[in-house]
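Residue numbers (our numbering), protein chains in the order written: chain S, 6 to 145; chain A, 6 to 145; chain H, 6 to 145.
Check the hints yourself; a few may be wrong.
Each pair may be met inside one copy or between any two copies, as identical chains are not told apart.
Said to hold, decoys possible - BS3-like mimics (lysine-lysine), calculated; alpha carbons at most 27 Å apart, straight line: (1) Lys11 <-> Lys112; (2) Lys75 <-> Lys11; (3) Lys112 <-> Lys75; (4) Lys137 <-> Lys11; (5) Lys37 <-> Lys75; (6) Lys49 <-> Lys37.
The hints are simulated quantities; they were obtained by calculation from the structure and are not laboratory data.
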Amino acid sequence: MNFFQKTISLPAFPRGYHLITREVLSQFPDIKSIETGFLHVFIKHTSASLTINENADESVRDDFESHMNKLVPEDAAHFTHTMEGPDDMPAHIKASMMGSSVQIPVKNGALQLGTWQGIYLCEHRDRGGARKLVVTAFGS
Amino acid sequence: MNFFQKTISLPAFPRGYHLITREVLSQFPDIKSIETGFLHVFIKHTSASLTINENADESVRDDFESHMNKLVPEDAAHFTHTMEGPDDMPAHIKASMMGSSVQIPVKNGALQLGTWQGIYLCEHRDRGGARKLVVTAFGS
Amino acid sequence: MNFFQKTISLPAFPRGYHLITREVLSQFPDIKSIETGFLHVFIKHTSASLTINENADESVRDDFESHMNKLVPEDAAHFTHTMEGPDDMPAHIKASMMGSSVQIPVKNGALQLGTWQGIYLCEHRDRGGARKLVVTAFGS
């Protein structure tokens, strides 16, 4: 049983949904030591999130951004947490709707993702800045 | 510490929400070898998802389908990813709202679910076909 | 490799979103034995859920409650699962949108949360009563 854990930093991304699978793997070669197990990725923020979705057509990520903006609009009259800007409270809600971590099975040192799956960073703030992830690989 | 991992296939389900707890357990007897640990179920697709919800009244699953269709309607004018049919882009968004995996505590070889909990396959496509899951049991 | 697992009980909370990080840790000192690993918290219910979000300003939790009530309103005409009261079916859907578990990296016996992160109990029922959590710490 092995346990590798490391905090990595992502560069600042613009608001929207971004494929980060390659970036995560390039910063975390330890996954290659896992024969059977998992990669767990956790984001240390409450206005950005992680999810797994289509890795091919960029229009999927665009539509995520526009639809989530409809579901959680910035100008909702019932928001009271508005001091940090109109994009802040929607960012918190979207973050919980998407989730703060993903966990992916690993076999022979490689992610067992489906053909069309990739890891998304969901940046819900206009200027979120660099984001910190805690990445853990564990298994036999 | 033990680690059992296997890819299983679910038969094609119609669009909607379906209880799959028994199906998963019947294809994965290895869970019985875990004294204290977890069952993790991961779906290798981006237009179907997994969640945990009520295992009793079928009307709960029906209402999930109708309400998620309201939250992510097929005819939303802002969708640009429309080439694979009107049910495709909503399927991606619903999939991330529900999630691509569930992880359930295991004790003495059995799932520690609450009385009313079961695992749902959320089939968001009209014709999603067979779906592949990576099932992992780990623990002492 | 160590595996600690325990069922704990939370007191009844009013409908809404509540910070429970301290309560969970105080009932589960075993986390201190984990050098590198995880804390996993699972809720054994289908009308309450768990998520990670801002631990500071209470207005964030208030806005979560009011916005999720807009997204999943009690009086939706398409709901058929209404026998257990108008707050029941919305509670199921909100529970799956937030999720039934959270998993947080642990280092030297402490949660590796970001500065502003805390664990929320999302109580979606008017009178949900006491809630049971299965808490597991594992790692080296």
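Tested hints:
1. In this assembly of identical chains, the alpha carbons of Lys11 and Lys112 lie at most 27 Å apart whether taken from the same copy (20 Å) or from different copies (10 Å).
2. In this homomeric assembly, Lys75 and Lys11 never come within 27 Å of each other (Cα to Cα): the closest approach is 36 Å inside a single copy and 39 Å across copies.
3. In the homo-oligomer, the alpha carbons of Lys112 and Lys75 never lie at most 27 Å apart, since the shortest distance is 39 Å inside one protomer and 38 Å across protomers.
4. In this assembly of identical chains, the alpha carbons of Lys137 and Lys11 lie at most 27 Å apart only when taken from the same copy (10 Å versus 30 Å across copies).
5. With identical chains, the CA atoms of Lys37 and Lys75 are never at most 27 Å apart, being 40 Å at best within one copy and 43 Å at best between copies.
6. In the homo-oligomer, the alpha carbons of Lys49 and Lys37 lie at most 27 Å apart both inside one protomer (24 Å) and across protomers (20 Å), since each shortest distance falls under that limit.
In this structure, the earlier hints numbered 2, 3, 5 are contradicted, and the remaining ones agree with it.
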